[in-house]
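Those protein sequence lines, which keep their order, are chains Y and P. Counting from 1, position 298 in the first sequence corresponds to residue 298 in our numbering; the numbering is continuous, with no gaps. Whatever position you read off the second sequence (first residue = 1), add 1000 for our numbering.
In short, the hints are calculated from the structure, not lab data. Think of the CB as a built atom: it goes at the ideal place given N, C-alpha and C, for glycine as much as any other residue. Hints should not be assumed to be uniformly reliable.
PhoX-like mimics (lysine-lysine), calculated; alpha carbons at most 25 Å apart, straight line [said to hold, decoys possible]: (1) Y:K97 / Y:K121; (2) Y:K376 / P:K1157; (3) P:K1154 / Y:K376; (4) P:K1158 / Y:K376; (5) Y:K111 / Y:K151; (6) Y:K155 / Y:K250; (7) Y:K121 / Y:K82; (8) P:K1088 / Y:K376; (9) Y:K106 / Y:K80; (10) Y:K155 / Y:K106.
Stretch-level coverage of chain Y by chain P, calculated; a stretch enters the list once three of its residues show a Cβ under 8 Å from a Cβ in chain P [stated by the list, open to error]: (11) 106 to 112; (12) 369 to 378.
Listed below, chain by chain, are the residues.
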Amino acid sequence: MDNLILIGQAYQIFLLVFMSIYMIQHFIFTYSRLYGEQRNYYHDILDTEMPTVSVVIPMHNEELVAENVLERLVLSDYPKEKMEIIPINDHSTDRTKDIIDTFARKHPGVKPFHRLKEDEKRGKAEGLNDVMKFTKGDIIVVFDADYQPAKEAIKSLVMGFKDPQVGAVMGRVLVQNSDSNLLTLLLDMERSAGYQISQQARYNMDLIPQYGGTVGAYRKSVVRQMGGFDPKVLAEDTDLTYKMYLNGWKIAYANKTECYEQMPETWAARARQVRRWSRGHNEVLFHHLPSIFTSKYFTLREKWDGLLLLFVYMMPILLMVGIADSIFLFFMDAISIVTSMSALLLIMAINAFGNFAPFFQITIANYLDGRTESLKLTPMFAFNFVLYIFYTSRGFIDALIDLATRRDVDWDKTKRHQRKNNAK
Amino acid sequence: MWVDLAIFVLVSVGSIYFYITLIHHNAMMMIHEVFTASGLHIEMIDLDIYTFSMSAFDISFHYNSQITLFYVLLLTVGLMLFLVYQTKIPLNLVFWIDFLLLLTAIFLVYFIFWPTYFPYNAKKYFELYLHAYVGFMLMSFIVFSFSLALTPEKLGKKLFILSGVIAYYFVYSFVRLAATLLLVSQVSVVFVPLMYFTIFYDFILIIYIYTFVLYKNTIKSQGLYHG
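Just chain Y, with the same shape it has in the complex (with noise of 0.2 Å):
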């Protein structure tokens, strides 16, 4: 009993060491996003000699959403002879097939690919594979089908390619819907500290801007060279954001391409959204951990950043065995002076990880972007903290069985909702 009392006074130090390096870390962000230097991305160049671009938008029962973002992408203001439109029907079951072919009869630079074969899995790393095998553009550009791009994102996410060390390039993501409920509002908020500040801030200090997935692009000839998307990885964009500095490639990230999606509007989606994105953060955790250490390309800095950026996800559960081993500890009369805040974790959980972001972090982020009203129901994220922690170590385990089993994974696409076009 005395060695597991020793275990258990040790696991608090540390998980108060860990969760101390998230919070200065995120500290520095915010500092740096605030009072620091400020990157600016390649808005500014004025170059006529643009690439050849496919602009690619993954579909899977999208009738409420797919004419909406094709009719903003043919609006888009890069020279047409230079960009194709390709939405890929990934098995669509409902109109989403009709949509998009009645589109294209109208827009000749509108190329549907349908994947409707049925020994295909369908699965977004899948559609993106076998699209790269036939368009003709250098730089692929993705949007999910919910999203509204202005009419200069693509212009602006393919100017990122001047740079010969640019592999991928992210925009920033806006919540559309934030206007329907007190949910919608909060990931509004949570949003805006993540893009604001922490993909500006990890651009600003030579870090790892996460490619995420939509509002991004990345150079075909780079990511057919790599062996595409891995199917096996639910995170395809995080898989990608680790591959490119594997292979000595950087991410930039473009603050002010933004660009509008849907957020889930109910807590249980969300709760499954949360789980999904912490299954392939862990997934890309097991596979990429090893070649951190080993990578020749990695910068000290990015190594740090990169590991902590990895971990992040599995924090929610170390955070779960903390509570109950400070409960263990409580009644063994073995909670010393050190472990006797260890209650105190909390205060750090709740504001570092529950929400994935310090309350410092979202109040700043929202002030820059000049919230007023919303900036009031920060304290409202503390009540997200334990679905969040719970849901997020859901999809730890299931990463781990994943990983156990080499089973296929399944895309749980988040539930759309038909409304008014506001983008810019």
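Could you slot chain P onto chain Y? The hints should help.
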């Protein structure tokens, strides 16, 4: 920003020192006088908190019968299940409340089956409680100091807000301690772990104050600043 931060951290640490060495003892004396005037004769005990001497009361915990605890456990589990299956309360709140109920259920099970193994008396418990609470206050003030230092606002105003938060926490700490004394001595020993493990919830107040400050600031600067 760094000067602001240094000042805030100094104020935070200084105030905690002031709390441990002076404020807490005086407040305990006042509570003791109130108890005595009410005919309750409770001895005061000295505690060793981070090498400083602090005081509390030598109370005995109220142990309920096992059957009573069992009924409360049934009620707690029933409430947890009801929350899971109802559809009116949002899922995030359901998880939050169920987490508290789960903690309660664990503590109830412990006191139903192993009450004789409970290792705490008043001295040991309040030593643990005050360690945690003083640590909680210090940590809260420091986290708040860092957040406040980041905020684009005048130093004087930020200092005023920090002082207000510290003053509030000091007063609230005695209200909470008095409530803990009453609950564990008059209602149930189950509140002993419960009051310890719920200390962190008080931090939500800090978040609210901080966001309110920024909210006011944003209103003032709206249209002038864009990141």
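Now for the hints, and whether the structure bears them out:
Taken as a hint, the K97 of chain Y and K121 of chain Y pair is honoured in the structure, with Cα atoms around 17 Å apart against an allowance of 25 Å. Distance restraint check for K376 of chain Y and K1157 of chain P: the Cα-Cα separation of roughly 19 Å lies within the 25 Å cut-off, and the hinted pair is therefore satisfied. Using a Cα cut-off of 25 Å, the hinted pair K1154 of chain P and K376 of chain Y holds, with the two alpha carbons roughly 20 Å apart. In summary, the hint linking K1158 of chain P to K376 of chain Y is supported, as the alpha carbons are separated by about 18 Å, within the 25 Å threshold.
With a C-alpha separation of about 19 Å, the suggested pairing of K111 of chain Y with K151 of chain Y holds against the 25 Å cut-off. As the CA atoms of K155 of chain Y and K250 of chain Y are separated by approximately 19 Å, the hinted pair is consistent with the 25 Å bound. Proximity of K121 of chain Y to K82 of chain Y is assessed by CA-CA distance (about 31 Å); at most 25 Å being required, the pair is judged violated. Between K1088 of chain P and K376 of chain Y, the direct Cα distance comes to roughly 24 Å. Compliance with the 25 Å bound is thereby established for this hinted pair.
Our distance criterion of 25 Å between C-alpha atoms is met by K106 of chain Y and K80 of chain Y, whose separation comes to about 15 Å. A hinted pair counts as satisfied when its Cα atoms are at most 25 Å apart, and K155 of chain Y with K106 of chain Y qualifies at roughly 23 Å. Taking a C-beta to C-beta cut-off of 8 Å, the segment 106 to 112 of chain Y contributes 0 residues in contact with chain P, too few for the three needed, and the coverage statement is violated. Residues of the segment 369 to 378 of chain Y lying with their CB closer than 8 Å to a CB of chain P number 9, which satisfies the three-residue condition for coverage.
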